[in-house]
Amino acid sequence: MIAYNNFQEKVKIASLVIFTITAFFSVGHLQSDEHFQILEFAQYKLGEISAEELPWEFGEKMRPSIQPWIAYTFIKFFDFIGLKNPFTITLLFRLMSALLLWYVIISLNKIVIKNYFKTTKWANIFYASTLLLWFIPFTSVRFSSENIAALFLLLGFLQLFKKQSNISFAIAGTYWGLSFLFRYQLGLSVFGAYLFLLLIEKTSILKLLISIIPLLIIIAFGVYLDTLFYDEFTIAPYNYVKANILDDKASNFGTSPFFAYLYLFLGKAIPPISLVLFAGFIAGVKPLKKHIFVWAIIPFIIIHSVIAHKEIRFMFPVSYLFIFISVYGIMKYFEHKEIKVWQRKVVKFSLYLNVLLLVIMTFKPMNGTVKLFHYIHANFNDTPTYIISTKRPIYSMLVNLKSTFYTAENVKNEVVKPEDIQTHLQKNDINECYILHEKFDFKIPLENYTVEKVYSEYPELIKKIEFIDWQKKLRTKTIFKITKKEE
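Start counting the sequence shown at 12; every next residue gets the next number (the working numbering).
Check the hints yourself; a few may be wrong.
Keeping only pairs whose Cα atoms sit at most 27 Å apart, straight-line, the calculated DSS-like set for lysine-lysine is [stated by the list, open to error]:
#1 Lys495 / Lys484
#2 Lys474 / Lys454
#3 Lys218 / Lys173
#4 Lys173 / Lys121
#5 Lys413 / Lys402
#6 Lys484 / Lys129
#7 Lys382 / Lys450
#8 Lys382 / Lys297
#9 Lys495 / Lys464
#10 Lys132 / Lys87
#11 Lys279 / Lys297
#12 Lys132 / Lys343
#13 Lys56 / Lys260
#14 Lys450 / Lys438
#15 Lys21 / Lys56
#16 Lys438 / Lys495
#17 Lys297 / Lys260
#18 Lys121 / Lys23
#19 Lys132 / Lys359
#20 Lys132 / Lys297
#21 Lys492 / Lys428
#22 Lys21 / Lys356
#23 Lys382 / Lys351
#24 Lys279 / Lys382
#25 Lys423 / Lys56
#26 Lys438 / Lys496
#27 Lys496 / Lys454
Distance ranges between label pairs, derived from CB positions [stated by the list, open to error]:
#28 Ile479 / Ile441: 33 to 41 Å
#29 Gly70 / Leu472: 41 to 49 Å
#30 Thr394 / Tyr235: 43 to 51 Å
#31 Lys301 / Leu362: 28 to 36 Å
#32 Ile441 / Leu472: 44 to 52 Å
#33 Glu243 / Glu59: 35 to 43 Å
#34 Val426 / Lys474: 24 to 32 Å
#35 Lys375 / Asp431: 30 to 38 Å
#36 Phe264 / Lys428: 28 to 36 Å
#37 Lys253 / Ile224: 20 to 28 Å
#38 Thr461 / Gly265: 42 to 50 Å
Simulated from the structure, these hints should not be mistaken for lab results. Keep in mind it's a predicted model, so treat the numbers as computed, not measured. Glycine included, each C-beta is placed from N, C-alpha and C at the ideal position.
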């Protein structure tokens, strides 16, 4: 048995610091569902947005309401204690997600290492991989359905690994029910886990029932929450399957071949890191064919591969299972082999690359538009401010969906075509205002007005790279202060 060691203690502390820093800097959402189908759904119950302004999924009554209800409850509580800043609220959501998942990972690691990594070297490699692979911290801080569902999936495993009593089975079933409730796709992993318990572990039917009954109670509770949320009796999991699978509406957002997750992972996780992890996963599946993690991840991957619409974030909930299988597979591969010189070079390069990517993702804002909202809220929320948009309203986001959660109270916004701004300023006798322009520079001359850039996602230094036409190439939003010249 490998004892908990000083290296793992250092990784634990370092990862806690990195998770926390990432939560502070990772402003905004990774994917629009994280915002619209949680925060804007909560805004609907708060009376801040109408049903007609929400994404199409609301009309289909297909999204689980448990997370919007949680957001709603916290927002109401924060409002009660005087906390109204939406960016502070989302920071607290990210911190909560990060700390909970960090705790579950380190708790699982102790048990997994004890049973599967018998040497200090491989125990340390596994421990560091689960916490410090470059994509783990920034995905772990997300207040998204993928992340919270993963949290409860892992809690279920943790409960069974600790003790296989009747109470443990009941608690595991409760956790897995919650995992399903946050993200229905996790039902595939839960189904695989129960198959493992039945066919491999030969768990008694009584114990399985003790676990499944609370799971079903949780699902029934979800129906109750959804009925409250949508104001009519709703079985959202059925509606989800009907809309996305039977009616194939998910394919409207793009389709990919069966094997797409292979190239999506290899590209998105960045080679050679992704190549090493994938090779390890392939090597690890066979020796772990009777492990619950393999039984949980394989149906998850296969069914997602069959479904035409694919996004790499759909794989996030099983990241821990994937990393375990991958590191175990690499360990088994080198069990009776010497690592070759070229392999050492690949590993060394991957390590340096991982550190670089980890640093970048620790400090990188997750969404440029929300970073812009943050600037507007921080600078204009308390003072009446007029902002002209040259293309679309400030808080119009994906396919013109409206964002109400980040709205600054004292900002008045109108859309004016760039060529009409001069006339608009003179006609309305505007002495000072701001322009939100979806270009790096504002190159339209304005007579009798000064133009000053006050916010940009990118530094002016990039213009020193002269062979790139930044005005054409950059998809960005920039704010300029417009001031009337004194006569």
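For each hint, the structure was consulted:
Distance check on the hinted pair: Lys495 and Lys484 sit about 30 Å apart at the alpha-carbon level, beyond 27 Å; violated. Between Lys474 and Lys454 the alpha-carbon distance is near 14 Å, which keeps this suggested pair within the 27 Å criterion. About 16 Å separates the Cα atoms of Lys218 and Lys173, which keeps this hinted pair within 27 Å; it holds. A C-alpha spacing of about 11 Å is found between Lys173 and Lys121, which places the hinted pair at or below 27 Å, so the restraint holds.
Under the criterion of a C-alpha separation no larger than 27 Å, the hint pairing Lys413 with Lys402 is consistent with the structure, at around 15 Å. At most 27 Å may separate the alpha-carbon atoms for a hinted pair to count; Lys484 and Lys129 exceed this at roughly 52 Å. At roughly 16 Å between alpha-carbon atoms, Lys382 and Lys450 fall within 27 Å of each other, so this suggested pair holds. The hinted pair formed by Lys382 and Lys297 fails the criterion: a straight-line CA distance of about 45 Å is larger than 27 Å.
Pair hint Lys495 plus Lys464 holds up; C-alpha atoms about 15 Å apart against a cutoff of 27 Å. Among the hinted pairs, Lys132 with Lys87 is inconsistent with the structure: their alpha-carbon atoms are about 48 Å apart, more than 27 Å. About 25 Å separates the Cα atoms of Lys279 and Lys297, which keeps this hinted pair within 27 Å; it holds. Among the hinted pairs, Lys132 with Lys343 is consistent with the structure: their alpha-carbon atoms are about 13 Å apart, no more than 27 Å.
A C-alpha spacing of about 26 Å is found between Lys56 and Lys260, which places the hinted pair at or below 27 Å, so the restraint holds. Between Lys450 and Lys438, the direct Cα distance comes to roughly 25 Å. Compliance with the 27 Å bound is thereby established for this hinted pair. With a CA separation close to 44 Å, the supplied pair Lys21 and Lys56 exceeds the 27 Å bound. Between Lys438 and Lys495 the CA atoms are separated by roughly 13 Å; this keeps the pair inside 27 Å, and the hint holds.
With a CA separation close to 36 Å, the supplied pair Lys297 and Lys260 exceeds the 27 Å bound. Taking the CA atoms of Lys121 and Lys23, the gap is near 11 Å; set against the 27 Å cutoff, the hint holds. With a C-alpha separation of about 15 Å, the suggested pair Lys132 and Lys359 falls inside the 27 Å cut-off, and the hint holds. Of the supplied pair hints, the one linking Lys132 and Lys297 holds, its CA atoms being roughly 22 Å apart against a limit of 27 Å.
About 17 Å separates the Cα atoms of Lys492 and Lys428, which keeps this hinted pair within 27 Å; it holds. Between Lys21 and Lys356, the direct Cα distance comes to roughly 25 Å. Compliance with the 27 Å bound is thereby established for this hinted pair. This hinted pair does not check out: Lys382 and Lys351 have alpha carbons roughly 46 Å apart, beyond 27 Å. Our distance criterion of 27 Å between C-alpha atoms is met by Lys279 and Lys382, whose separation comes to about 23 Å.
For the given pair, Lys423 sits about 25 Å from Lys56 by alpha-carbon distance, which is consistent with the 27 Å threshold. Of the pairs offered as hints, the one joining Lys438 and Lys496 holds, with about 16 Å between alpha carbons and a cut-off of 27 Å not exceeded. Between Lys496 and Lys454, the direct Cα distance comes to roughly 18 Å. Compliance with the 27 Å bound is thereby established for this hinted pair. Evaluation of the 33 to 41 Å hint for Ile479 and Ile441 yields a pass: the beta carbon distance comes to about 34 Å.
In this structure, Gly70 and Leu472 meet the distance hint of 41 to 49 Å, their C-beta atoms being roughly 46 Å apart. Roughly 45 Å separates the CB atoms of Thr394 and Tyr235, a value that falls within the hinted 43 to 51 Å. In this structure the supplied range 28 to 36 Å holds for Lys301 paired with Leu362, their Cβ-Cβ distance being about 32 Å. With their beta carbons about 32 Å apart, Ile441 and Leu472 fall outside the hinted range of 44 to 52 Å.
Distance hint check for Glu243 and Glu59: the Cβ-Cβ separation is about 21 Å, which falls outside the suggested range of 35 to 43 Å. Between Val426 and Lys474 the beta carbon distance is about 28 Å. The supplied range of 24 to 32 Å therefore holds. Here the CB-CB span from Lys375 to Asp431 is close to 36 Å, well matched to the stated 30 to 38 Å. Against the hinted window of 28 to 36 Å, the Cβ-Cβ separation of Phe264 and Lys428 comes to about 30 Å, which satisfies the hint.
Take Lys253 and Ile224: their Cβ atoms lie about 27 Å apart, and the range 20 to 28 Å holds. The supplied range of 42 to 50 Å is met by Thr461 and Gly265, whose beta-carbon atoms lie about 45 Å from each other.
Hints 1, 6, 8, 10, 15, 17, 23, 32, 33 from the list above are not met by this structure, while the remaining hints are.
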